[in-house]
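Participant: Basically this note's numbering = 1-based index in the sequence shown + 3.
No wet-lab data here; the hints were simulated from the structure.
In this text, all values refer to a predicted model and were calculated from it rather than measured experimentally.
Check before you lean on any hint, since a few could be wrong.
Unchecked claim - In silico DSS-like pairs for lysine-lysine, Cα to Cα no more than 25 Å straight-line:
id: 1; residue 1: Lys-307; residue 2: Lys-178
id: 2; residue 1: Lys-211; residue 2: Lys-295
id: 3; residue 1: Lys-35; residue 2: Lys-402
id: 4; residue 1: Lys-152; residue 2: Lys-61
id: 5; residue 1: Lys-152; residue 2: Lys-364
id: 6; residue 1: Lys-425; residue 2: Lys-12
id: 7; residue 1: Lys-364; residue 2: Lys-402
id: 8; residue 1: Lys-278; residue 2: Lys-295
id: 9; residue 1: Lys-66; residue 2: Lys-77
id: 10; residue 1: Lys-178; residue 2: Lys-190
id: 11; residue 1: Lys-265; residue 2: Lys-316
id: 12; residue 1: Lys-77; residue 2: Lys-124
id: 13; residue 1: Lys-278; residue 2: Lys-243
id: 14; residue 1: Lys-451; residue 2: Lys-408
id: 15; residue 1: Lys-448; residue 2: Lys-114
id: 16; residue 1: Lys-229; residue 2: Lys-207
id: 17; residue 1: Lys-12; residue 2: Lys-114
id: 18; residue 1: Lys-402; residue 2: Lys-352
Stated by the list, open to error - Quick list of simulated restraints, FRET-style, between CB atoms:
id: 19; residue 1: Val-94; residue 2: Ile-225; range: 26 to 34 Å
id: 20; residue 1: Lys-402; residue 2: Thr-258; range: 22 to 30 Å
id: 21; residue 1: Ala-254; residue 2: Val-94; range: 53 to 61 Å
id: 22; residue 1: Glu-333; residue 2: Leu-115; range: 15 to 23 Å
id: 23; residue 1: Lys-295; residue 2: Glu-78; range: 24 to 32 Å
id: 24; residue 1: Asn-238; residue 2: Gln-185; range: 34 to 42 Å
id: 25; residue 1: Asn-244; residue 2: Glu-369; range: 55 to 63 Å
id: 26; residue 1: Lys-402; residue 2: Glu-333; range: 43 to 51 Å
id: 27; residue 1: Asp-141; residue 2: Asn-181; range: 36 to 44 Å
id: 28; residue 1: Ser-80; residue 2: Ser-427; range: 26 to 34 Å
id: 29; residue 1: Ser-449; residue 2: Gln-182; range: 18 to 26 Å
id: 30; residue 1: Asn-238; residue 2: Glu-333; range: 16 to 24 Å
id: 31; residue 1: Arg-305; residue 2: Arg-221; range: 18 to 26 Å
Using N, Cα and C, we set each Cβ at its ideal position, and we do this for glycine too.
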Amino acid sequence: MMPLHQEMKLLHQQLLTQFSAETITQLAIDTKFIQRTRKLTAMDSLLLFVFSSKHLSKSSLEKLSTHLEKVTGKEISAEGLNQRFNWRTVVFLQAIFERLLQTKCLHSFQKLMKYSTIFEKIRVLDSTAFQIPDAYADWFPGTGCTSVKFQIEFELLSGQFTHAHFEPGRVHDAKTGNQLSQTIQPKELILRDLGYFNLEELDKLNTKGQRYFISRLRNNAIVYTKNATPSYYQNGKIVKNTEFHRQTIQALAETVPLNETKEFEGFYVGKANVKMPVRLVICHFTSAQQEKRLARMNEIERVKGRHYKEKTKEMSAYGMYITNLPIEIEKDEIYQIYSLRWQIELFFKVWKSTMNLVSCKPMKIERFICYFYSQLIRVILCTMITYQMRYILWEKSQKELSEMKGIELFFDNLVDIYLAMKESTESVVQALIRIFHQLERNGIKSRKKGKPTFQQLIGTLQ
């Protein structure tokens, strides 16, 4: 086991050197963010955009310039700062963001995971949308209101981000899902919600081998079983419409007793020309789980004006899943593994607690997009460090870190980390050690009855 000081030194080298003065200055030159010698350096700008505690979209230019002077000792007028919010700055921040995404995390729970001989990575893709002021409708058209959508793909075992971008709210999730399906590698498992469901892409993964998926099925899905007595033409070919029997997912779900999970063997999903064999698993949730799901649907109806059909509410009592995972993983474990997808919901919850875009003050579009990139960088940086701390804490003391508490703590300490970076590597290491001990004291995950934690779900903790 590596000493804590050495762990933090490696963590600094792996992540925070992405923000070294040399790296940031070179990116600023390459993107033409800096074209001549200025009083305000690229690192000074990075403080404002990423590490500052000031809200880039809500604070006035005067307050931002005052804060910058307080921390750096350099003066810049409000108008001078306003001119800094331009398309070159957008490209500069985009370059930092893309470089951060390429950072490889040091630690992963893969080697400790119960299922490590079957898959080594768990990639979760999901999106979240934010309503934004109508002034940006031309840039970010939504459905019913002006909105921006963030697409995030995240590797759960290491905290590595494999994809992140933002787009207009009305763009369908399936577009991103189809693109990322081409990047799935052997011994990787993908967990996706219904918005990303694409049978053709899942069939391609299945055909390639050792590329695994768990996906939900829609309430009105049609599934098939082989017909034992199909009809044949005189030439010996099967009459296509007699090869399979159709069944509704609802009819199957209603055969599953309360609080039980059942696997249906020999089933296929597909369309007229393509049918794929799958493991079909249906869970009949407990009464408490059903009440919680109905309450969530009622809240969506109240807040968003959406209307759910009565049949949809009835079917919320069930979870229907298809997978190509081997039978070594039992039916009861399929739902447990799929429930890991909610880890990304915790990430979104932290994000939304720090971003209230609809209340943003009016500003030019360049500043607005700068704010998007600055927040992406902040959240991804804090999440990646938190997940590495999570592994180190577990290895050293067998304690399970709350991801939410960790990310929030790093948000609060970003300015301190920036100031330490300006001093020395040892200053950063000491800052990280201090935060680690704070997490050890105050960041341990609470256990809730009937709700397994991340490490219980992946089999490192009984």
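Participant: Each hint needs a verdict: does it hold in this structure or not?
Facilitator: Verification of the hints:
no.: 1; hint: Lys-307 to Lys-178; verdict: holds, 24 Å
no.: 2; hint: Lys-211 to Lys-295; verdict: violated, 38 Å
no.: 3; hint: Lys-35 to Lys-402; verdict: violated, 46 Å
no.: 4; hint: Lys-152 to Lys-61; verdict: holds, 20 Å
no.: 5; hint: Lys-152 to Lys-364; verdict: holds, 19 Å
no.: 6; hint: Lys-425 to Lys-12; verdict: holds, 16 Å
no.: 7; hint: Lys-364 to Lys-402; verdict: violated, 42 Å
no.: 8; hint: Lys-278 to Lys-295; verdict: violated, 34 Å
no.: 9; hint: Lys-66 to Lys-77; verdict: holds, 14 Å
no.: 10; hint: Lys-178 to Lys-190; verdict: holds, 24 Å
no.: 11; hint: Lys-265 to Lys-316; verdict: holds, 21 Å
no.: 12; hint: Lys-77 to Lys-124; verdict: violated, 46 Å
no.: 13; hint: Lys-278 to Lys-243; verdict: holds, 12 Å
no.: 14; hint: Lys-451 to Lys-408; verdict: holds, 16 Å
no.: 15; hint: Lys-448 to Lys-114; verdict: holds, 22 Å
no.: 16; hint: Lys-229 to Lys-207; verdict: holds, 21 Å
no.: 17; hint: Lys-12 to Lys-114; verdict: holds, 22 Å
no.: 18; hint: Lys-402 to Lys-352; verdict: holds, 23 Å
no.: 19; hint: Val-94 to Ile-225: 26 to 34 Å; verdict: violated, 48 Å
no.: 20; hint: Lys-402 to Thr-258: 22 to 30 Å; verdict: violated, 43 Å
no.: 21; hint: Ala-254 to Val-94: 53 to 61 Å; verdict: holds, 55 Å
no.: 22; hint: Glu-333 to Leu-115: 15 to 23 Å; verdict: holds, 20 Å
no.: 23; hint: Lys-295 to Glu-78: 24 to 32 Å; verdict: violated, 54 Å
no.: 24; hint: Asn-238 to Gln-185: 34 to 42 Å; verdict: holds, 38 Å
no.: 25; hint: Asn-244 to Glu-369: 55 to 63 Å; verdict: holds, 58 Å
no.: 26; hint: Lys-402 to Glu-333: 43 to 51 Å; verdict: violated, 29 Å
no.: 27; hint: Asp-141 to Asn-181: 36 to 44 Å; verdict: violated, 27 Å
no.: 28; hint: Ser-80 to Ser-427: 26 to 34 Å; verdict: holds, 32 Å
no.: 29; hint: Ser-449 to Gln-182: 18 to 26 Å; verdict: violated, 37 Å
no.: 30; hint: Asn-238 to Glu-333: 16 to 24 Å; verdict: violated, 44 Å
no.: 31; hint: Arg-305 to Arg-221: 18 to 26 Å; verdict: holds, 24 Å
Hint compliance for this structure: hints 2, 3, 7, 8, 12, 19, 20, 23, 26, 27, 29, 30 are broken, all remaining hints hold.
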